[in-house]
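K.L.:
Residue numbers (my numbering), protein chains in the order written: chain A, 15 to 217; chain B, 15 to 217.
Read the hints as simulated data drawn from the structure, not as lab findings. Careful: at least some of the hints might be erroneous.
Which copy? The list can't say, so a pair holds if one copy fits it or any two copies do.
Unchecked claim - Using 20 Å as the maximum straight-line C-alpha spacing, the simulated SDA-like pairs for lysine to any residue come out as follows:
#1 Lys-131 - Tyr-185
#2 Lys-36 - Ala-25
#3 Lys-131 - Gly-192
#4 Lys-131 - Ala-193
#5 Lys-131 - Leu-32
#6 Lys-131 - Asp-33
#7 Lys-131 - Pro-158
#8 Lys-131 - Val-44
#9 Lys-18 - Val-140
#10 Lys-131 - Ala-64
There are 2 protein chains.
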Amino acid sequence: VREKLIASALALMDEGGLDAVKARSVAQAVGVSVGTVYNLFGSVDGLLLAANLTILEALNALGRERAGAQRGGEQVGASGRVLTLGRLLGLSAAYIDFVAANANRWAALLAFNRSRKLAETDRTYVARQDALIDIVGEVLRTTPLGDNGPRRRVAARALWSSVHGIVTMNYFGADEAGARQRTWAQIEWLVTAAVDGLYAAKA
Amino acid sequence: VREKLIASALALMDEGGLDAVKARSVAQAVGVSVGTVYNLFGSVDGLLLAANLTILEALNALGRERAGAQRGGEQVGASGRVLTLGRLLGLSAAYIDFVAANANRWAALLAFNRSRKLAETDRTYVARQDALIDIVGEVLRTTPLGDNGPRRRVAARALWSSVHGIVTMNYFGADEAGARQRTWAQIEWLVTAAVDGLYAAKA
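Could you put the whole structure together from the sequences, leaning on the hints where they help?
P.N.:
What follows is the structure, given as structure tokens:
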């Protein structure tokens, strides 16, 4: 029943965003009482949190899968700069693909993060978001930032937020037609400049 | 009356975000009929658009003022890289200050942009947003991107969206205490890396 309620919440997010998820609609779709929703999740926000965790897990899985495939296809002897650039652009492309395929669901998650206290106070939820940024942090481990953990975390978070900013500025509320091309041109410029700068500063 | 209705809409945005702006509340606050709101702005979205234009103008004025002050205080003989970095960080600081001082109002504008068709179709509104990105584009004119207009526009939009992404990830729905410091550390890393890369690629 728990799984079914989460699936129903996700379907409602796909249709009508965050505001479309009501205890009554979700319960009705699964054929249980409204009380069951509250018993299992404590509140509608609790249900939304559980649904968002599955979204974050899906994005995490996609990121790790793409990072693995990328590593398998890398040219032997390529420079660190080229490898880092390829890895970061590969992760950026994965993020675009994910947002394009899950636009409403992802917009609902972002709206949840902006408006619900639970998004900041639930430790599992915060950890699951940090895990996404850690994928970027791992790529940066072999750069001149190396083992400087604090600096690497700043850089990973900055790159993540930048790519996220570029994607959301282009994907939500804009015409989809040119969105991918515009998004990609901006991400490619930004990530290339940042990686060039990262290796230039070292030299 | 037009000015008063806009001021009232902005005050409601400050209090309760986008959803708090209703024709009735705005009319009541100013002491006119609901019909007057529709006569003057066509719809509530029309009123919100007019209110958002004043927000964009305020941000634009701040950006241009800071850019002017920055130019006045620049060290004679400084390298292009140092000048560009200083200018972009100055604009970033202006953006943080603006968002910190107008958090609810700015979040309401962003929500409007995500959810209302008028945000994409009104030419004046789109032009006013482009004018903000042009401030960044002007700074990039003296960099190795030079007169390459299309490339410069991609770069300006990428940098704007990146700084915006970093600010929003830190400012909305997060504890304010460490927000500025975290935001600044990430922006400083990102902008420095991008500027280093921009000048390194040329060399």
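K.L.:
For each hint, tell me whether it holds in the structure or not.
P.N.:
Structure-based check of each hint:
1. Lys-131 - Tyr-185: between (26 Å within a copy, 14 Å between copies)
2. Lys-36 - Ala-25: within (12 Å within a copy, 30 Å between copies)
3. Lys-131 - Gly-192: So Lys-131 and Gly-192 pass the 20 Å test across copies only (17 Å; inside, 35 Å).
4. Lys-131 - Ala-193: Between copies only: 16 Å across, 32 Å inside.
5. Lys-131 - Leu-32: both (15 Å within a copy, 19 Å between copies)
6. Lys-131 - Asp-33: both (16 Å within a copy, 19 Å between copies)
7. Lys-131 - Pro-158: neither (37 Å within a copy, 45 Å between copies)
8. Lys-131 - Val-44: neither (27 Å within a copy, 34 Å between copies)
9. Lys-18 - Val-140: Close neither inside one copy (24 Å) nor across copies (42 Å); limit 20 Å.
10. Lys-131 - Ala-64: within (14 Å within a copy, 31 Å between copies)
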